[in-house]
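**Q** The chain contents come next:
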Amino acid sequence: MEALKQLGQYTLLLYQALRSVTEFSTYRENLFNEFVKVGYQSIPIIMLVGVFTGAVLTLQTAYQLDTDLYPAYIVGSIVAQSVIIELAAVISGLVLAGKVGARISTELGTMRVSEQIDALESMGFNSVAFLVLPRIFAGVLMFPVLYIIASTLGIIGGVVAGAADGILPAAEFMKGGRQFFFPEDVVFGILKSFVFGFVITSISCFKGYFAFGGAEGVGNATTQATVLSCIYILLADFVLAAILL
Amino acid sequence: MIEINNLTKSFGKNLIWKDVSFQIEDGETLAVIGKSGCGKSVLLKHLNALMYPDSGEVIIDGQCVFDLNYSELRLMRQRFGILFQGGALFDSINTFENIAFPLRYFTNKTEGEIKKDVEEALDMVNLKDAGSKATSELSGGMRKRVGLARAIILKPDYLLYDEPTSGLDPQTSDEINELIVSMADSFDLTSIVITHDMHSVLSIAEKVAFLDSQKLSWFGSIDEMKKSEHPPLVEFTTASEYKIKA
Ligand SMILES: Nc1ncnc2c1ncn2[C@@H]1O[C@H](COP(=O)(O)OP(=O)(O)OP(=O)(O)O)[C@@H](O)[C@H]1O
Ligand SMILES: [Mg+2]
Chain L
90 MEALKQLGQY TLLLYQALRS VTEFSTYREN LFNEFVKVGY QSIPIIMLVG
140 VFTGAVLTLQ TAYQLDTDLY PAYIVGSIVA QSVIIELAAV ISGLVLAGKV
190 GARISTELGT MRVSEQIDAL ESMGFNSVAF LVLPRIFAGV LMFPVLYIIA
240 STLGIIGGVV AGAADGILPA AEFMKGGRQF FFPEDVVFGI LKSFVFGFVI
290 TSISCFKGYF AFGGAEGVGN ATTQATVLSC IYILLADFVL AAILL
Chain Z
40 MIEINNLTKS FGKNLIWKDV SFQIEDGETL AVIGKSGCGK SVLLKHLNAL
90 MYPDSGEVII DGQCVFDLNY SELRLMRQRF GILFQGGALF DSINTFENIA
140 FPLRYFTNKT EGEIKKDVEE ALDMVNLKDA GSKATSELSG GMRKRVGLAR
190 AIILKPDYLL YDEPTSGLDP QTSDEINELI VSMADSFDLT SIVITHDMHS
240 VLSIAEKVAF LDSQKLSWFG SIDEMKKSEH PPLVEFTTAS EYKIKA
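Order-wise, the sequence lines are chains L and Z. Quick note: the first sequence uses this note's numbering, first residue 90, plus one each step. Quick note: the second sequence uses this note's numbering, first residue 40, plus one each step.
In short, the hints are calculated from the structure, not lab data. Glycine included, each C-beta is placed from N, C-alpha and C at the ideal position. Fair warning: there could be bad hints in the mix.
Unchecked claim - The list that follows gives simulated cross-link-like pairs (lysine-lysine, DSBU-like), each with its CA atoms no further than 35 Å apart:
| id | chain 1 | residue 1 | chain 2 | residue 2 |
| --- | --- | --- | --- | --- |
| 1 | Z | 155 | L | 94 |
| 2 | Z | 172 | L | 188 |
| 3 | Z | 246 | Z | 266 |
| 4 | L | 126 | Z | 246 |
| 5 | Z | 57 | L | 94 |
Claimed, not checked - The following residues of chain Z were derived to be distant from chain L, with all beta-carbon distances above 12 Å:
| id | residue |
| --- | --- |
| 6 | 43 |
| 7 | 51 |
| 8 | 130 |
| 9 | 167 |
| 10 | 169 |
| 11 | 263 |
| 12 | 266 |
So that you can see chain Z by itself, here it is in the shape it has in the complex:
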């Protein structure tokens, strides 16, 4: 379980959000929604202490991640897989090596085992033959899928997605959404998905956290969200609905 308590973050004088608190149960899929620039990516980076808050805590299985020393932190971080917004692939090595990277450094697997694992992961994200491609040859959607393959290669407990469908065509978005659901099922994952794509929220999430006006504006289940009359949330969701119909 991940517990977020009274988290506040600012950059200099620029307050991002204040007093954010919510919980994520094991096995759940949570969507974090909100306007561009409201601090969704920043929130994500607090979960495994890639960023430190001004105050507040993130507690994972009873331990506050901000209290860990660097070697404890590194162990904790290995329980997370992250798909970054642009894929964050290492551009000095090819696709295969990107996915193999964590295996090479963190496991004692032989070359044969690594090859097998990487091919399996590529297969899972429907990119069977892309292994030898340079990362610069990949399209946006492919980059995200390679990033996803790399994120799951060490079988994490938590999988974080930063806007997995943004910038993709509707069909590819649906494929990614299906992938997110199948990942969660097949690895028994706890997933946190940052997005402003309501279509994707409805097809993958069980719970929703809505960031707005520098705070956690709303939190609840998908069913509650559909019934909610919380004005900013209604505004945000109807804006997307309108976009879907238009």
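Here chain L stands alone, though its shape is the one from the complex:
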């Protein structure tokens, strides 16, 4: 029952956001700020995530395939494809659920409990257009960019780790990577990150926007926002794989 009510409230919030798309002047300024906060300021952590994912995956793949049955370049194929299809999007998504999601739900939750959202609404201001819309836009537009950064760095991390550890030379890695490179996989990864961007920002906005009960309420909202974001990222990942692969 409670879950159904929440779903209804969430849908209504999204509907109101959608209906406010035309009020560009209300959210233009915040949109730019959110591009910076969601996108630009996430680049360092995303680069780190990418490099280490690719590097660790290379070492472990080499370890698992440690027989003479396969040519070494196969490591490059496996790492590149896994990074592009799955890891760059999902691991970034989970990290950003913490970084971006927590920030959004805390921000909106604090504005809610300190009555700043009421103050906006009471001026006749569209608080959903002002606060929710730019955050969701930033999520769906910036996450694909972050995905591309993460997967590029992931492959670079793999190349470097493979060469440094003497598993396979860079040229071999790239040869393997190219052999099983399908542009559709990149499209699939971009689509995933687009969906994750939407999941994280919309859930976090929802939890923050309807937070109540002081500092504790904001804390609860943030916890729920990050946990739910992670759950729905994994679910969405599964559903997309089932439908599209």
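Fit chain Z with the ligands to the known structure of chain L by using the hints.
**A** Relative to chain L, chain Z with the ligands alone:
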């Protein structure tokens, strides 16, 4: 005129109040009193449909606010100024910008005109030089005054105050009370003041609504209140009187 008819509100199973009905005439100052947690702030938020009731209506100039669609509602809300309990200042922008905010979004005023209006408003609340301060640098009393300046900047018809004097020292409280009276006079406002400060009720209000036991327990003029023998009201007012003397 604001007419409140049979308003009932609960959150889930938690009934806040039931069947609340009273009227506020134009130009009047009404005080809404009651214990902490009795639903005064919640009542206030029904007047401009920041919250929706389980049942009942709030009628402003013949229109029920809960029947309005969102664009009509936004126009209606601009007739209200609200001073929220903690000021509700936007903490991402400074004091000046907080007061200028409604002007920037809802008027076509030039930068010069905005500056003039904001300075006038700051002057009115006795905060001449606070414009450049970050909202985090403001004291509780200053926050309320900035909130008040922001609430009047678009010259509303109705001004709602949520506990304007709570948490302030007696002297600052008196200053705020004087401000409320002078605002009402100079802008010909209808004011609704939520408070549990009887001292402030006596110095500003003409009518009193008393919320207690999940209903509107008593409603009447200040003179009637002084004579009333309605037990819960007497208990509430004498408790404050005792506090004033102690
Ligand atoms: N959004 C909400 N969701 C659930 N319960 C709420 C919500 N807002 C208020 N309440 C509950 O409604 C009751 C009345 O709250 P309200 O803030 O109106 O009290 P109040 O009379 O203004 O008290 P105070 O003088 O302390 O400000 C409280 O018990 C509160 O827990
Ligand atoms: Mg209150």
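**Q** Hint by hint, note whether the structure agrees.
**A** Going through the hints against the structure:
no.	hint	in the structure
1	Z:155 / L:94	47 Å, violated
2	Z:172 / L:188	30 Å, holds
3	Z:246 / Z:266	13 Å, holds
4	L:126 / Z:246	50 Å, violated
5	Z:57 / L:94	23 Å, holds
6	43	18 Å, holds
7	51	9 Å, violated
8	130	8 Å, violated
9	167	23 Å, holds
10	169	18 Å, holds
11	263	31 Å, holds
12	266	36 Å, holds
Of the numbered hints given earlier, the model fails hints 1, 4, 7 and 8; all others are met.
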